[in-house]
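These protein sequences, in sequence, are chains X and U.
All residue numbers for the first sequence refer to the numbering used here, where the first residue is 34 and numbers rise by one.
All residue numbers for the second sequence refer to the numbering used here, where the first residue is 11 and numbers rise by one.
Rather than coming from a laboratory, the hints here were simulated on the basis of the structure.
All C-beta atoms, glycine included, are put in the ideal place defined by N, C-alpha and C.
One thing to keep in mind: the hints can contain errors.
Unchecked claim - Computed spacing ranges between beta-carbons, pair by pair:
#1 I167/U x G413/X: 46 to 54 Å
#2 E449/X x R179/U: 53 to 61 Å
#3 P366/X x R243/U: 27 to 35 Å
#4 V182/X x R243/U: 42 to 50 Å
#5 S507/X x W316/U: 20 to 28 Å
#6 A272/U x L62/X: 33 to 41 Å
#7 L309/U x T155/X: 25 to 33 Å
#8 D269/X x R235/U: 55 to 63 Å
Claimed, not checked - According to the in silico footprint, chain X covers these stretches of chain U (three or more CB under 8 Å from chain X):
#9 139 to 153
#10 157 to 170
#11 211 to 225
#12 232 to 241
#13 264 to 272
#14 294 to 300
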Amino acid sequence: MSEPALVAPAAVPPAALSGGLRRLLRDPLGVVALGWLALVIVAAALARWISPHDPDEPSAGDILAGPSASHLLGADGSGRDILSRLLHASQISLAGAALTLLVAAVLGIGAGLVAGYYGGWTETAGTWAASLIMALPGIVALLALRAVVGPSPWTTMAIFGVLLSPAFYRVVYAAVSGVRHELYIDAARVAGLSDARIIGRHVLTVVRAPAIIVAAAVGSGAIALQSGITFLGLGDPSVATWGGMLNDAFANIYVAPLAVAWPSLAIGTTCVALTLLSNALRDALERTGRPRRRTARAEDAADAAAKEPVLTHDEPPGGAALLDVRDLVVAYPRPDGPARRVVDEVSLSVRAGEVHGLIGESGSGKTQTAFSILRLLPAGARTSGAIVFDGTELSGLPAARLTRLRGGAIGYVPQEPMSNLDPSFTVGSQLVEPIRAHLGHGRAKARTRALELLERVGIADPARTFDAYPHEISGGMAQRVLIAGAVACEPRLLIADEPTTALDVTVQAEVLDLLRDLRDDLGMGVLLVTHDFGVVADLCDRVSVMRHGRVVETGPVDAIFAEPRHAYTRALFDAVVATGERA
Amino acid sequence: MYRFIARRLGSGVVLVAALTTLTFFLLYLGAGDDIARQLLGEEADEAAVRAKERELGLDRPIVTQFAHWLSGAVHGDLGTSWFNGQDVGAAILSRLSVTVSLVIGSTLLTVVFATVLGVVAATRGGWVDRVVQVAGVLGHAVPNFLISLGLVLVFAISLHWFRPTGYTRFAESPGLWLSSITLPVLALAVHGVSGVVQQVRGAVVDELGRDYVRTLRSRGLSEARVVYRHALRNAAGPALSFLGVQVVGLLGGAVIIEQVFAIPGLGQVAVTATGQGDVPLVMGLVVVSAVLVVVLNLLIDLLQGWLNPKVRLG
Numbered sequence: 034m035s036e037p038a039l040v041a042p043a044a045v046p047p048a049a050l051s052g053g054l055r056r057l058l059r060d061p062l063g064v065v066a067l068g069w070l071a072l073v074i075v076a077a078a079l080a081r082w083i084s085p086h087d088p089d090e091p092s093a094g095d096i097l098a099g100p101s102a103s104h105l106l107g108a109d110g111s112g113r114d115i116l117s118r119l120l121h122a123s124q125i126s127l128a129g130a131a132l133t134l135l136v137a138a139v140l141g142i143g144a145g146l147v148a149g150y151y152g153g154w155t156e157t158a159g160t161w162a163a164s165l166i167m168a169l170p171g172i173v174a175l176l177a178l179r180a181v182v183g184p185s186p187w188t189t190m191a192i193f194g195v196l197l198s199p200a201f202y203r204v205v206y207a208a209v210s211g212v213r214h215e216l217y218i219d220a221a222r223v224a225g226l227s228d229a230r231i232i233g234r235h236v237l238t239v240v241r242a243p244a245i246i247v248a249a250a251v252g253s254g255a256i257a258l259q260s261g262i263t264f265l266g267l268g269d270p271s272v273a274t275w276g277g278m279l280n281d282a283f284a285n286i287y288v289a290p291l292a293v294a295w296p297s298l299a300i301g302t303t304c305v306a307l308t309l310l311s312n313a314l315r316d317a318l319e320r321t322g323r324p325r326r327r328t329a330r331a332e333d334a335a336d337a338a339a340k341e342p343v344l345t346h347d348e349p350p351g352g353a354a355l356l357d358v359r360d361l362v363v364a365y366p367r368p369d370g371p372a373r374r375v376v377d378e379v380s381l382s383v384r385a386g387e388v389h390g391l392i393g394e395s396g397s398g399k400t401q402t403a404f405s406i407l408r409l410l411p412a413g414a415r416t417s418g419a420i421v422f423d424g425t426e427l428s429g430l431p432a433a434r435l436t437r438l439r440g441g442a443i444g445y446v447p448q449e450p451m452s453n454l455d456p457s458f459t460v461g462s463q464l465v466e467p468i469r470a471h472l473g474h475g476r477a478k479a480r481t482r483a484l485e486l487l488e489r490v491g492i493a494d495p496a497r498t499f500d501a502y503p504h505e506i507s508g509g510m511a512q513r514v515l516i517a518g519a520v521a522c523e524p525r526l527l528i529a530d531e532p533t534t535a536l537d538v539t540v541q542a543e544v545l546d547l548l549r550d551l552r553d554d555l556g557m558g559v560l561l562v563t564h565d566f567g568v569v570a571d572l573c574d575r576v577s578v579m580r581h582g583r584v585v586e587t588g589p590v591d592a593i594f595a596e597p598r599h600a601y602t603r604a605l606f607d608a609v610v611a612t613g614e615r616a
Numbered sequence: 011m012y013r014f015i016a017r018r019l020g021s022g023v024v025l026v027a028a029l030t031t032l033t034f035f036l037l038y039l040g041a042g043d044d045i046a047r048q049l050l051g052e053e054a055d056e057a058a059v060r061a062k063e064r065e066l067g068l069d070r071p072i073v074t075q076f077a078h079w080l081s082g083a084v085h086g087d088l089g090t091s092w093f094n095g096q097d098v099g100a101a102i103l104s105r106l107s108v109t110v111s112l113v114i115g116s117t118l119l120t121v122v123f124a125t126v127l128g129v130v131a132a133t134r135g136g137w138v139d140r141v142v143q144v145a146g147v148l149g150h151a152v153p154n155f156l157i158s159l160g161l162v163l164v165f166a167i168s169l170h171w172f173r174p175t176g177y178t179r180f181a182e183s184p185g186l187w188l189s190s191i192t193l194p195v196l197a198l199a200v201h202g203v204s205g206v207v208q209q210v211r212g213a214v215v216d217e218l219g220r221d222y223v224r225t226l227r228s229r230g231l232s233e234a235r236v237v238y239r240h241a242l243r244n245a246a247g248p249a250l251s252f253l254g255v256q257v258v259g260l261l262g263g264a265v266i267i268e269q270v271f272a273i274p275g276l277g278q279v280a281v282t283a284t285g286q287g288d289v290p291l292v293m294g295l296v297v298v299s300a301v302l303v304v305v306l307n308l309l310i311d312l313l314q315g316w317l318n319p320k321v322r323l324g
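Chain X extracted, bound-state conformation:
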């Protein structure tokens, strides 16, 4: 990031919005929902012309009549034509829902913009008002106010709009306060644009997508509540509504159960269509910009590297390999096109008591290689090749046996210390749990062992750390805790994924010393993933250089340091020399 982003993303949202519309039209559920809503709206608009009967004209001969040629859906308890009433009622339902939506949107978006943009007391007031409104179930608040304003459907729907406005307020407030301190907003302010213009030009664009999504959901809620109120018999009895029709049909449910179905279907399908539309809009507008371009580039590069042979330095004969990886491939299937290979025919081996460094830039596949040994790759990964640990092929191993190996004979140290501890459990309980599972110790014995381990990894006050929660300890301590957890059952192989990257420089050196000591004590083999040749020089016996998913050069550390053959290896060296040797 050399240049701060001073340019407003004004050009992006309109493109994203029209792109969102295209994506919406590709989503079958979204299209069905939109189509149904359009049909309902058209039917409501044309109700006066397409209704076969006068919706309010009772006919004594047709009371509770079943479906027939003259009454396609039958007649209600007063002998009125159900289809005609349904068509007319949809006008009230849709117009009422639109009024609710309008009131909720104006209030909620307006308040959200002001509170999010100006902050301060407007923020406090807005948030308080929202929680005040949400402190009552909507229907209770509505019934209470209905007691004094009377049965007018319009007043009711307007009040309901006020009650639903917090839904808009919350998403708008969150979106606006998120961009309030963005550089492009500051730049616009410095450039002397008025607040109104900044909000209009730059802030409204971030609000648009979430507001549209909420609008569909609020519409569904409005229809549900409006029909609920009229179903309770609290509507204006002189106007046909879906809820009122349901009320009438429910009263005659034993005589004409079918009549319940029509208004139910009208309410249910419209609510479902609006909800599906909201979900489809969320998919279309929020899940944008998959990094398709980057993956394509990675693959091109992998293809380019594919022809290169692995540069192998001669090495003195050593003992048998503890871990032997042959032709490992890790690939992720993509919806369009062939699977993407992130690890491509990687072979390497680790002997007992030896540290093997796996070095490369981020995205080179070294972490994926480490994960595939423990079978900890994310769901969807496809692997092939052989991974033999101590004479056992791991890739086909039953889950139960793999579980025994993990944390038992193979330990793992992750990269980022804080996110790798479960925030809800104490450090101690996270150490004790695997010890009990693997060694079968009782609670007290496992606790003693955990305290020993904490002391062994250099924690000053083991008892206090044991009782602490992860957020109460420092990053360096957390990494020591994770190393303690990895070596708790005296593993024969330790896989350490950038164990020092997230730490301060002084702590890095201490952690590397600790790893070396543990290697010497336990005689374990170590696969050390790193991007830092300083770490390799400090700790490793052998090293493999990875680039674009492939090993490009491998051999003893001394030999590679003396004579790096691959241009990429030399580039990594130069980076260390340029920044000064670390650790």
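Once you have looked at the hints, place chain U on chain X.
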């Protein structure tokens, strides 16, 4: 922890006070000037109307009325109904247990089924996941009075497994009581489960993708322990917040559903009071609902504190 509870309790009390004040003035100012005449009918003479106004305390300034109401309310006296002179507190209390048992029953079902289905959907994936997601969206979109109508049609009217309407008190016959609240509780629970299951699923999927889950697996813990002891516990926080909102929704849903099943709960009182414009009774209902919501949120906060060490210690 005690400071945390005290702070939450304090803000709850402020919320109820603010809401009560606002509602009081809206209702009493909105009710208009000629309530006494409406109560007595058009033929009543002027003197009788004045006497009625004095009796109801409507001749005093609104601020005085509010002070009087408030001093009663803090001592548990919510006034008397304008229509039948019944004590508002007693009228609500006699119906409260019915509604609360509906809400508690459906909440319990919601918690159990949403957790089980949410975890299964999140861990199994595939078609199980898709069915749960689609059912969740549909179940939540359909208004719950429609769900109750469907249940009545199928299980009461066609299959005769339950009585379609009516309510038996637990004291009269526990068996009949259970049978009379089964369908309403189910109807509410369908709505609750379908909302909460989406949150549980989403939260569990999020947690299973986190670094600490991979590390726990690398330690050789069984998949069941990773999912149920660790991921679910961390997922419970966001799901619980949503459950709080959902239970407020269930309380509102109960108001409507009681009408479908002819259950004498708060919903019936609310509908009658609203139809008549019985302002003291409506006012009492608002206060009781607000207190219920505040208590519920406090319970949720306590659970959050118990689950999440950062909240507890913060």
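Quick rundown of the hints versus the structure:
no.: 1; hint: I167/U x G413/X: 46 to 54 Å; result: 48 Å, holds
no.: 2; hint: E449/X x R179/U: 53 to 61 Å; result: 59 Å, holds
no.: 3; hint: P366/X x R243/U: 27 to 35 Å; result: 32 Å, holds
no.: 4; hint: V182/X x R243/U: 42 to 50 Å; result: 47 Å, holds
no.: 5; hint: S507/X x W316/U: 20 to 28 Å; result: 26 Å, holds
no.: 6; hint: A272/U x L62/X: 33 to 41 Å; result: 37 Å, holds
no.: 7; hint: L309/U x T155/X: 25 to 33 Å; result: 31 Å, holds
no.: 8; hint: D269/X x R235/U: 55 to 63 Å; result: 59 Å, holds
no.: 9; hint: 139 to 153; result: holds (count 6)
no.: 10; hint: 157 to 170; result: holds (count 5)
no.: 11; hint: 211 to 225; result: holds (count 6)
no.: 12; hint: 232 to 241; result: holds (count 4)
no.: 13; hint: 264 to 272; result: holds (count 4)
no.: 14; hint: 294 to 300; result: holds (count 4)
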